[in-house]
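> The residues making up each chain are set out below.
2 protein chains.
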Amino acid sequence: MLYGVIMAGGSGTRFWPQSRITKPKQLLKIAGDRTMIRATIDRVMPEISCERIMIVTGVAHADEIRAEIPELGENMVVSEPRGRNTAPCIALAAYRIAKEDPDAVMVALPADHLIGREDEFRRLLRIAAEIASKSDYLITFGIVPDRAETGYGYIELGPEALKMGDTSVFKVKAFVEKPDKSRAETYLHSGNYLWNGGMFIWKVSAIIQAFEKYCPSVSRTIKAIAQDLNTPRERDAIRKAYECIESISIDYAIMEKASNVLVLPIDVGWNDVGSWASLHDVWDKDHNRNAVKGAFLALDAAGCVVSSPHKLTTLIGVEDLVVVDTPDALLVCRKDRAQDVKELQEALKEIGYDKLL
Amino acid sequence: MLYGVIMAGGSGTRFWPQSRITKPKQLLKIAGDRTMIRATIDRVMPEISCERIMIVTGVAHADEIRAEIPELGENMVVSEPRGRNTAPCIALAAYRIAKEDPDAVMVALPADHLIGREDEFRRLLRIAAEIASKSDYLITFGIVPDRAETGYGYIELGPEALKMGDTSVFKVKAFVEKPDKSRAETYLHSGNYLWNGGMFIWKVSAIIQAFEKYCPSVSRTIKAIAQDLNTPRERDAIRKAYECIESISIDYAIMEKASNVLVLPIDVGWNDVGSWASLHDVWDKDHNRNAVKGAFLALDAAGCVVSSPHKLTTLIGVEDLVVVDTPDALLVCRKDRAQDVKELQEALKEIGYDKLL
Numbered sequence: 018m019l020y021g022v023i024m025a026g027g028s029g030t031r032f033w034p035q036s037r038i039t040k041p042k043q044l045l046k047i048a049g050d051r052t053m054i055r056a057t058i059d060r061v062m063p064e065i066s067c068e069r070i071m072i073v074t075g076v077a078h079a080d081e082i083r084a085e086i087p088e089l090g091e092n093m094v095v096s097e098p099r100g101r102n103t104a105p106c107i108a109l110a111a112y113r114i115a116k117e118d119p120d121a122v123m124v125a126l127p128a129d130h131l132i133g134r135e136d137e138f139r140r141l142l143r144i145a146a147e148i149a150s151k152s153d154y155l156i157t158f159g160i161v162p163d164r165a166e167t168g169y170g171y172i173e174l175g176p177e178a179l180k181m182g183d184t185s186v187f188k189v190k191a192f193v194e195k196p197d198k199s200r201a202e203t204y205l206h207s208g209n210y211l212w213n214g215g216m217f218i219w220k221v222s223a224i225i226q227a228f229e230k231y232c233p234s235v236s237r238t239i240k241a242i243a244q245d246l247n248t249p250r251e252r253d254a255i256r257k258a259y260e261c262i263e264s265i266s267i268d269y270a271i272m273e274k275a276s277n278v279l280v281l282p283i284d285v286g287w288n289d290v291g292s293w294a295s296l297h298d299v300w301d302k303d304h305n306r307n308a309v310k311g312a313f314l315a316l317d318a319a320g321c322v323v324s325s326p327h328k329l330t331t332l333i334g335v336e337d338l339v340v341v342d343t344p345d346a347l348l349v350c351r352k353d354r355a356q357d358v359k360e361l362q363e364a365l366k367e368i369g370y371d372k373l374l
Numbered sequence: 018m019l020y021g022v023i024m025a026g027g028s029g030t031r032f033w034p035q036s037r038i039t040k041p042k043q044l045l046k047i048a049g050d051r052t053m054i055r056a057t058i059d060r061v062m063p064e065i066s067c068e069r070i071m072i073v074t075g076v077a078h079a080d081e082i083r084a085e086i087p088e089l090g091e092n093m094v095v096s097e098p099r100g101r102n103t104a105p106c107i108a109l110a111a112y113r114i115a116k117e118d119p120d121a122v123m124v125a126l127p128a129d130h131l132i133g134r135e136d137e138f139r140r141l142l143r144i145a146a147e148i149a150s151k152s153d154y155l156i157t158f159g160i161v162p163d164r165a166e167t168g169y170g171y172i173e174l175g176p177e178a179l180k181m182g183d184t185s186v187f188k189v190k191a192f193v194e195k196p197d198k199s200r201a202e203t204y205l206h207s208g209n210y211l212w213n214g215g216m217f218i219w220k221v222s223a224i225i226q227a228f229e230k231y232c233p234s235v236s237r238t239i240k241a242i243a244q245d246l247n248t249p250r251e252r253d254a255i256r257k258a259y260e261c262i263e264s265i266s267i268d269y270a271i272m273e274k275a276s277n278v279l280v281l282p283i284d285v286g287w288n289d290v291g292s293w294a295s296l297h298d299v300w301d302k303d304h305n306r307n308a309v310k311g312a313f314l315a316l317d318a319a320g321c322v323v324s325s326p327h328k329l330t331t332l333i334g335v336e337d338l339v340v341v342d343t344p345d346a347l348l349v350c351r352k353d354r355a356q357d358v359k360e361l362q363e364a365l366k367e368i369g370y371d372k373l374l
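Residue numbers (this note's numbering), protein chains in the order written: chain H, 18 to 374; chain A, 18 to 374.
Note that these hints are calculated values from the structure, not bench results. Glycine included, C-beta positions come from ideal geometry on N, C-alpha and C. Possibly wrong hints are sitting among the right ones.
Ranges between beta-carbon positions, derived for each pair [as the list claims (entries may be wrong)]:
id : chain 1 : residue 1 : chain 2 : residue 2 : range
1  : A       : K372      : H       : S185      : 58 to 68 Å
2  : A       : K372      : H       : P98       : 35 to 45 Å
3  : A       : D163      : H       : E202      : 50 to 60 Å
4  : A       : H327      : H       : G175      : 53 to 63 Å
5  : A       : K372      : H       : E273      : 55 to 65 Å
6  : H       : G100      : A       : H327      : 26 to 36 Å
7  : A       : R200      : H       : G311      : 50 to 60 Å
8  : A       : G133      : H       : G133      : 51 to 61 Å
9  : A       : H327      : H       : N277      : 54 to 64 Å
10 : H       : N92       : A       : H327      : 39 to 49 Å
11 : A       : R250      : H       : H304      : 48 to 58 Å
12 : A       : D303      : H       : G170      : 35 to 45 Å
13 : H       : G286      : A       : D80       : 33 to 43 Å
Given only the sequences and the hints, what does the whole structure look like? Please build it.
Right, here's the structure in full:
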């Protein structure tokens with residue numbers, strides 16, 4: 018059977034002041050009229066029955082996520098006492114699912130990405146699930162790039178491994194770190210590189226094998242509590258395991274080391290919605306390329322992203338700004354500096370404004 | 018005796034969204050911890066007893082001004098049913114004062130200007146009042162310019178007319194319209210031009226004479242209701258008079274025509290606080306030249322004016338912006354476009370957002 022694992026551990030600092038410690042990106046309606054996690058669940062529900070969808074999230078957000086996705090069984094929202102990157106999260110999910118169904122296939126997806134063409138996504142999900150169910154391949158989705166982005170890791174295609182109808186699946190030649198601009202240009206034009214979007218499909222038995230081989234420390238830690246998973250003892254067991262579990266990404270822990278990795282190119286209108294600036298590509302824009310949520314009036318303003326649901330926002334003579342208004346904090350930021358919202362939060366901590374984080 | 022006439026008819030549209038139709042600039046604490054009208058009254062009180070200070074304002078603001086300046090007699094806040102520029106306002110005040118004291122000297126001052134050096138201002142006020150009391154001169158204060166400002170009218174100095182101690186008073190050669198930049202530069206460097214700040218001192222009998230001679234229409238209209246001024250019939254009388262009274266400035270009506278005009282140069286830290294941008298010169302600034310009212314945190318922001326008393330405002334990578342937050346409207350504006358706030362209000366009217374005006 019196919020299981021879904023939604024990785025909802027993000028703290029969402031990049032959407033401050035709308036996102037807060039208590040309200041990370043996956044719980045914001047930032048890209049549409051649903052929260053990002055709601056959209057993520059809705060996207061996979063046609064393929065995966067809700068009793069086989071698990072959400073792994075931070076302990077601080079578990080209750081709100083349960084309320085947001087009430088159709089999930091309470092035991093299907095698993096909380097991590099602290100963020101330890103993707104490898105522990107995936108290992109935890111894999112061992113937990115394996116207890117119920119050792120032959121299960123699992124797809125692991127971030128809770129806070131956007132996908133424009135959902136039918137196509139589900140078609141490719143079905144293909145990947147079929148391959149995974151009949152093999153021990155570790156399959157990752159590789160996103161067909163449409164620009165020379167320096168903010169993502171890339172996957173270099175190896176030779177075609179197999180073909181399902183018209184859809185080719187490739188061996189992975191290499192996982193590549195975030196490139197500089199000229200390398201990114203080269204990658205884009207070569208046609209041999211895809212973005213690493215952090216979406217994976219495999220049999221739980223295959224990923225458990227890989228953990229045992231390539232990341233034995235995480236494997237041991239989770240295996241040691243496997244008998245407690247999905248029992249009343251789970252919470253305490255996870256808390257104990259996470260006290261010392263290695264914080265490591267699934268890419269470092271497994272994907273870059275394993276030899277049985279395949280990549281399925283997907284071109285589905287993916288957007289990781291990584292900052293306020295990214296919403297300029299997501300939201301509708303007026304004739305001056307202003308992307309606005311809220312009442313708005315401008316004289317000679319262009320290319321701005323405005324989120325101000327509670328009042329009229331007016332702009333005069335400004336370009337490429339991000340303006341975000343909330344009841345207790347206002348942000349005005351050059352669009353190309355939107356990543357520095359993180360730095361701002363460090364500064365907030367320093368001056369003791371923790372209540373706004 | 019010396020009477021003060023405070024002209025408080027301004028609608029203060031240039032400080033939107035903080036200023037509103039119901040809350041013009043003179044009623045805002047925009048340049049300090051007092052409203053501008055409070056500061057104006059406090060400035061002249063050492064020279065003019067409060068029972069001889071009259072405020073002329075729009076009917077919509079009279080009650081709030083009475084509450085703001087409670088020491089004035091209720092009859093000393095005179096309301097105009099509509100703005101008709103400065104000449105009717107001054108004629109009304111002059112005829113009203115003349116009823117009580119035909120030999121009175123009156124000083125007419127805008128309610129919403131800032132004066133940094135108040136002692137010096139009062140010293141010059143005393144000099145002007147003394148000259149006025151002994152002559153029929155119409156005296157205007159001319160502000161010594163410190164920059165080539167294109168936003169003000171200028172007064173060209175004529176020959177010295179008289180001297181009081183070290184203080185020279187000059188004949189006026191000409192009132193000059195707002196110049197272009199190169200003319201403004203010439204004016205500044207010549208030393209022969211002063212800014213026209215709209216502050217006047219004269220005997221009420223002298224200005225009434227001048228009205229009769231140079232602006233008989235306004236004179237006739239006010240004279241016709243003179244018997245009703247400062248009586249229970251005043252309000253109705255003014256309402257009727259203002260139905261058809263000519264809307265004209267005192268400069269056009271009198272000053273540019275009269276031959277008995279003197280100008281007293283004053284250098285008193287004057288600022289007309291004409292727009293949000295002007296507050297950059299008035300407020301304290303941080304080491305990046307940001308002038309801020311409210312909690313504030315910035316990364317690489319410089320030269321901004323921020324008014325946001327209700328929440329934390331954060332800026333990243335922006336320069337020379339005006340940011341004004343209010344509970345129902347937010348303005349983000351390039352500082353050199355601050356005058357266009359007026360245009361914004363026209364646009365607001367057009368789209369039916371009158372409630373925010």
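> All hints, please: hold or fail.
The hints, checked one at a time:
{"no.": "1", "hint": "K372(A) <-> S185(H): 58 to 68 Å", "in the structure": "60 Å, holds"}
{"no.": "2", "hint": "K372(A) <-> P98(H): 35 to 45 Å", "in the structure": "50 Å, violated"}
{"no.": "3", "hint": "D163(A) <-> E202(H): 50 to 60 Å", "in the structure": "53 Å, holds"}
{"no.": "4", "hint": "H327(A) <-> G175(H): 53 to 63 Å", "in the structure": "57 Å, holds"}
{"no.": "5", "hint": "K372(A) <-> E273(H): 55 to 65 Å", "in the structure": "59 Å, holds"}
{"no.": "6", "hint": "G100(H) <-> H327(A): 26 to 36 Å", "in the structure": "33 Å, holds"}
{"no.": "7", "hint": "R200(A) <-> G311(H): 50 to 60 Å", "in the structure": "44 Å, violated"}
{"no.": "8", "hint": "G133(A) <-> G133(H): 51 to 61 Å", "in the structure": "59 Å, holds"}
{"no.": "9", "hint": "H327(A) <-> N277(H): 54 to 64 Å", "in the structure": "58 Å, holds"}
{"no.": "10", "hint": "N92(H) <-> H327(A): 39 to 49 Å", "in the structure": "44 Å, holds"}
{"no.": "11", "hint": "R250(A) <-> H304(H): 48 to 58 Å", "in the structure": "57 Å, holds"}
{"no.": "12", "hint": "D303(A) <-> G170(H): 35 to 45 Å", "in the structure": "40 Å, holds"}
{"no.": "13", "hint": "G286(H) <-> D80(A): 33 to 43 Å", "in the structure": "59 Å, violated"}
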